[in-house]
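Using the hints provided, position chain Z relative to the given structure of chain W.
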Amino acid sequence: MPQTILIVDDDADFNGLLKVVFQQADYCVKAFQDPREALRFIAESHVDLIVTDYEMPFLNGRDYLRRIKQTKPEIPVLMVSAYLDDVTIRELLREGINGVFQKPLNVFALLARTKELMSAAVQEPDSAGTSEPSPSSVAAVTQEALGFPFASFACLHEETVDFARSLYRLKDFRSALTLVGPLGTHFRQICEDMHGFADEPALEYFMYLDKASLLPDQVKHQIKRVLAEGAQRVTCVFTEAEAFSPAQWGFLKSLPAALGGLQTTESRARFIFCVSRDLDTLYAEQLIDDKLYMFMGAAEVFVPALNQCPKDVELLARNMALQRIDAETLNAAPEFEAALRERLQAPEWPQHYDQLHATVCELVATILDTADRASRHAPTPRPKSGAKTRLTRSKRRSQLPDSSLI
Amino acid sequence: MDADLSISTRTPELQTLILRSNRYFGASLVEHGLLAQANLETAFEQFNQGLHDAELSQVSILNLLMNDLGSLDEADLLAYQMDSVGLSLIDLDAVKLRPRRKVNVDLSLCWASLTLPFDRMDRSYLLATCYYLSEPVVRYWSELLQENVIWYVTTMDHLSRGIARLEALQEVSESELQTTQLLP
Chain W
56 MPQTILIVDD DADFNGLLKV VFQQADYCVK AFQDPREALR FIAESHVDLI
106 VTDYEMPFLN GRDYLRRIKQ TKPEIPVLMV SAYLDDVTIR ELLREGINGV
156 FQKPLNVFAL LARTKELMSA AVQEPDSAGT SEPSPSSVAA VTQEALGFPF
206 ASFACLHEET VDFARSLYRL KDFRSALTLV GPLGTHFRQI CEDMHGFADE
256 PALEYFMYLD KASLLPDQVK HQIKRVLAEG AQRVTCVFTE AEAFSPAQWG
306 FLKSLPAALG GLQTTESRAR FIFCVSRDLD TLYAEQLIDD KLYMFMGAAE
356 VFVPALNQCP KDVELLARNM ALQRIDAETL NAAPEFEAAL RERLQAPEWP
406 QHYDQLHATV CELVATILDT ADRASRHAPT PRPKSGAKTR LTRSKRRSQL
456 PDSSLI
Chain Z
60 MDADLSISTR TPELQTLILR SNRYFGASLV EHGLLAQANL ETAFEQFNQG
110 LHDAELSQVS ILNLLMNDLG SLDEADLLAY QMDSVGLSLI DLDAVKLRPR
160 RKVNVDLSLC WASLTLPFDR MDRSYLLATC YYLSEPVVRY WSELLQENVI
210 WYVTTMDHLS RGIARLEALQ EVSESELQTT QLLP
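Protein chains in written order, with my numbering: chain W, 56 to 461; chain Z, 60 to 243.
Next up, chain W with everything else stripped away, as it sits in the complex:
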């Protein structure tokens, strides 16, 4: 027996479109334009899932959701709306919404989420109301779960939530923090999140030093110069520290003794070490000595591997894609969702974040190529006055962020 979806949208055209979409996916559909009629139907009939607009006559989406949750809390509810701000999305999440989809609608994402909720309802009838939120509300979910901004992970797993909270707790560490993550970890993004935790990020200076840029003779001078220019605190991030030369490690070993000189009147210089092996291993291998072991060990935090947080991966991938192309282009490319799901089928991610990043870049390039081909074959309409013109491929590419920052 097909599962029943109830659609509520006062826009007759969009209502009809949704009806067709779900009917073609073999669902039994009941559609209403008046939310009050829909409520009466829900009270008297069996419904497996509700898809509703936010802006409607007589009842807005939030009030409508509350009424449903009061009478039939077990029915999952998806919201489709032209525009919802982050505050509203957070409120809807608190009220128990199961997914928010913004227009222009990505039909494939909507159907995928519907299928997910329907399957969950069949397997665990009691848990339908607590399913994870949709990809379109990642930012809201992360903020909601943590209470502070965090972009390194979507925080849909205990491991990633614990990791984010550990970092936040250490936001004012004074001397050293060691981040231990598998090869390919996005240490820079993680440190940028830490930068964002600061009370006044503009007054904090994060200095990223890798094997090529760490010049031991100049680091102290650089720190002092930045402090003299007005920074309240300097955080030196040693990325891929295990690749450092013996001379560079010699410099790191001098840090515990040199720290007093760098801190002078206040705690103004501190250090983040990014490594792939834990401190006990580095010590056993004699890469670090006694003092550096204790210095780095004041805070040792382990970055979760991607295969520990599969739910995060899809959302991370989407965010990565959005950093490279605009949301409109992404939403208009349903093949992205399908290809992404296919690529994310339980890989082990041996190169961790770098591998995910490469995968997404490849998919985005495919989308851009497809869009280019389509634009070459389509007739060129005369742009209307004030109409939004879409970016050409070359323009979009020129707007891409520096990949080293991702």
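If you're looking for bench data, these hints aren't it; they were derived computationally from the structure.
Note that CB positions come from ideal geometry on N, CA and C, so glycine has one too.
Any given hint could be a false lead.
[To be verified] Stretch by stretch, here's where chain Z covers chain W in the computed footprint (C-beta under 8 Å, at least three residues):
#1 77–88
#2 362–368
[What the hints assert, rightly or not] Partner residues are not named here, just some residues of chain Z that face chain W (Cβ under 8 Å, in silico):
#3 Q74
#4 L78
#5 Q96
#6 L99
#7 F103
#8 E104
#9 F106
#10 N107
#11 M125
#12 R198
Only chain Z this time, still in chain W's reference frame:
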């Protein structure tokens, strides 16, 4: 068979035990909400300064936190271990220690990990410690003794006096042994 655990002072193994015991203990205090991160960092800095010069009995984060920095209340630490971890408190002053009979152990290990095996019953060792929250300490002793271990918590003063008493008893015992060997 009694364990025979000989190790000379400040071997690499002992140095590693000192470092790991103290690092994990400090981190655990922060993790369990018994210490602020800033206080831990200060303690680690001071620990580093005295790491190679201080007496073995003085090289401990616990000692620094309680006595030098005053940032940890031992009563809170004991209460946490008894209430949350479920350990019992032992008064080592009331325990009769017997060297080289039931537990034969190099006492530098005890100083390095602030842990003392004080008795043995059936096939279980009874250990008193200040560092139960340090995972390497628990693992080290469990692997070393290779028998069931029953853990007790104790105060730093009691533990220090206990190890010192055992040191004195071992010295007496060794001198008696030497005297016996010299007799015709």
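* Looking back at the hints listed earlier, which ones does the structure fail to meet? -> Numbers 1, 2, 11, 12 - these are the hints that the structure violates, sorted from lowest upward.
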